[in-house]
Every structure is written in C-alpha cells, then in structure tokens.
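Those protein sequences? They're chains A and B, same order as listed. Just so we're aligned: the first sequence equals residues 100 to 175 in this note's numbering. Just so we're aligned: the second sequence equals residues 45 to 266 in this note's numbering.
Hint data in this document are derived by calculation from the structure and do not stem from the laboratory. All values derive from a computational prediction rather than experimental measurement. Check the hints yourself; a few may be wrong.
Lysine-lysine pairs mimicking DSS-like chemistry, simulated, CA-CA at most 27 angstroms apart [as the list claims (entries may be wrong)]:
#1 Lys228/B - Lys202/B
#2 Lys162/B - Lys202/B
#3 Lys202/B - Lys139/A
#4 Lys109/A - Lys160/A
#5 Lys46/B - Lys109/A
#6 Lys101/A - Lys160/A
#7 Lys139/A - Lys109/A
#8 Lys228/B - Lys160/A
#9 Lys109/A - Lys78/B
#10 Lys160/A - Lys78/B
#11 Lys197/B - Lys162/B
#12 Lys197/B - Lys160/A
#13 Lys153/B - Lys139/A
#14 Lys46/B - Lys228/B
#15 Lys228/B - Lys197/B
#16 Lys109/A - Lys228/B
#17 Lys139/A - Lys101/A
#18 Lys160/A - Lys139/A
#19 Lys78/B - Lys46/B
#20 Lys228/B - Lys162/B
Part of the chain A face toward chain B, derived, beta carbon under 8 angstroms [unchecked claim]:
#21 Val112
#22 Gln116
#23 Leu161
Per label pair, the in silico range of CB-to-CB distance [what the hints assert, rightly or not]:
#24 Leu161/A - Ala264/B: 18 to 28 angstroms
#25 Lys101/A - Gly160/B: 48 to 58 angstroms
#26 Thr149/A - Asp245/B: 21 to 31 angstroms
#27 Ala176/B - Val112/A: 40 to 50 angstroms
#28 Ala123/A - Asp79/B: 15 to 25 angstroms
Backbone N, C-alpha and C fix where the C-beta goes; we use that ideal spot for every residue, glycine too.
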Amino acid sequence: MKARVYVMLKNGVLDPQGEAVRHALGSLGFEGVDGVRQGKVIELDLADGTTEATVTEMCEKLLANTVIESYRVEMG
Amino acid sequence: MKAAVIVFPGSNCDRDLAVAFEQAGADVSMVWHKDTELPQGVDIVGVPGGFSFGDYLRCGAIAANSPICQSLIAHAERGGYALGVCNGFQILTETGLLPGALRRNAGLKYICRTVGLKVETSSTAFTTGYNAGDVINVPIAHHDGNYFVTDEKLAQLKDEDRIAFTYTDNPNGSVADIAGVVSKNRRVLGMMPHPERAADDGHGGTDGVAMFRALMDQFATA
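Start from the sequences, fold in the hints, and give me the full structure.
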C-alpha cells in the first residue's frame, strides 16, 4: 500500500521559493497569480495494514517540522 | 573544560570548532553520530556547521534523529551546555532544544560573507566576554538561515532576554534580525554565524575568540 504526505509551509509563514515562482509567472505574462506556495510530496511504500495513525506519527517525528510546516496524509 | 564535537556525515566545520575549543584550552573529543553516549564528564557539546545528511528532507532534520542526539538532548536536559553553529543551530531547533526553525534565505541565495553582529545580551556563558550593544564581525555561510518564530514566542524570547545576537544588516530575512538565541536555562546557544571561523589571525578576524574564552572561564570558576 501507498501513502502520500503533502508538506507545506503554514499560512502566515513567508515562503521565499513560492514568492520567486510567483514573480517568475508574472514576468512570463501570466496575470492574476496572487500567491504561490511551494511544498513537497513524499510518497511512502508501506507494508499492508500500516495505519494512518502511524503515518501521522512519521509526519510529527520527521517528515514535517510542525513549527513552520503543515502536512496532510492521503492513504491508498 | 571538556568539550565534545559531534561529527555527522556532511559536517564540514567540526575540526574548526574543535580547534577553536582547543585554542581556548579545552580538552576536545570528536564523537561520531552513531555513538549513543557522550564521553564521560563532558561540559559542553559542539554541534558543528556543515550539511549533515546532505540537508535531505530539511536541514538538520535527519541529524536531529541520529543516535547521538538522544544523548545530546539528555545532556541539555540535565543542564549541560551546548553550542550549535549554522547547521548545528538548525539541528538544535529540530531537536526542540531551541525554539523556532530556519527557512530558506529570503533572497533564495547561498550567502558567504562576514556580517556585523550586535551582541544583545552579555548574560550568558557564551557572551560574557562581550558587552551588550557591542558589534562584532563574524562570517556567515548558509542557504537556510532565515530564522522564524511565532509572534508569541518572539515576545517570550525578548521578555526572557534570550536573543543572543542580531544582524546589523539582516542578510537572510530572519524575524527581528535574529542571528542567535539561547535556551530557557541559557546553557544552549544556537547561531547561524560562525564564531569558530573568526578565532585566529589567519581567519582575517578574531571577534569569535571571546566566546570560547568566556566558556573556558565559566568552567574554570565553576
């Protein structure tokens, strides 16, 4: 089974990479891009039966820095 | 003073930090990240700069979960001293021994140059060799030195006089110009600039020496 973890900087934490992308899109002529946030996706191949609670624990302990990042887990 | 400097895969300032401690008169051991115990009787643990574990996932995140860091956390919780520089500061925030987190520099560029640092407090074992308000010159070399804390935590750091250094000309976007902070018991210091790279005439500056000397004095009188 698989799990996907989406890690993003929390709202309110300035995302310098997202800002750079927003500027670049503006320079390319794409109008109306008010904000860009850049995060990461981590795909996990897991033993059958691994629970979402275990993946959440992985996020809390290592995959996300909960001081500045939020995360979302998708199972299956 | 007995110092231990932790070596992670990717550490590149471990020897510089060891030499700075030695020049101040410390007895220094190098400790591998897979070791589970710090040497007996260690007064201070140095967590050096570099790119531990290639900065994969996040700077310092994997190092903070290495076996030796459990021992480092126990040492700090017992009231032991620790100094984290650059990647070492990132590791100390990842372990939770220091508040906040380090983000990508606001300008997105790696910055390697000497910066002005204002000493915000002289009442830590690390900064008694300076006067509050002194400006010293210390090199920085980092890509992820943009310090973040919540407004609430920042107010607490200010109230408790825990901001050790601020930049005179903020190079990376850090909240409140913060370059270094200490723990609540004032025995753990994390800072992005490299005092060990300003500890010898050959470095082009010696403003970091006073930190290592102050630490020596602390243990000489203890």
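Fill in: chain B contact restraint on Gln116/A - CB to CB distance below 8 angstroms
holds (6 angstroms)
Worksheet item: Regarding the pair Lys109/A and Lys160/A, is the alpha-carbon distance no greater than 27 angstroms?
Response: holds (17 angstroms)
Fill in: Given hint Lys46/B paired with Lys78/B - CA-CA distance at most 27 angstroms
With a Cα-Cα distance of about 20 angstroms, the restraint between Lys78/B and Lys46/B holds, given a limit of 27 angstroms.
Worksheet entry | C-beta pair Lys101/A, Gly160/B: status relative to the range 48 to 58 angstroms that was hinted | This hint holds: roughly 50 angstroms between Cβ atoms.
Worksheet item: Does the structure keep Lys202/B and Lys139/A at a Cα separation of 27 angstroms or less?
Response: violated (33 angstroms)
Discussion item. Checking one constraint from the list: CA of Lys109/A to CA of Lys228/B, max 27 angstroms. Satisfied?
Written reply: Measuring from Cα to Cα gives roughly 25 angstroms; hence the hint holds.
Discussion item. Hint check: Lys228/B vs Lys197/B, CA-CA at most 27 angstroms. Holds or violated?
Written reply: holds (12 angstroms)
Worksheet item: When you take the CB atoms of Leu161/A and Ala264/B, is the distance between them in 18 to 28 angstroms?
Response: violated (40 angstroms)
Item to complete: Would you mind confirming whether the straight-line C-alpha gap from Lys197/B to Lys162/B stays at or under 27 angstroms?
Response: Holds, at about 21 angstroms.
Worksheet item: Is it true that the CA of Lys109/A sits at most 27 angstroms from the CA of Lys78/B?
Response: Violated. Lys109/A to Lys78/B sits at ~33 angstroms, over the 27 angstroms cutoff.
Item to complete: Take the C-beta atom of Ala123/A and the C-beta atom of Asp79/B, compute their distance, and say whether it sits inside 15 to 25 angstroms.
Response: violated (45 angstroms)
Fill in: Outcome of range test on Cβ distance (Ala176/B, Val112/A; 40 to 50 angstroms)
About 30 angstroms separates the Cβ atoms of Ala176/B and Val112/A, which means 40 to 50 angstroms is violated.
When each numbered hint is compared with the structure, violations occur for hints 3, 5, 9, 24, 26, 27 and 28.
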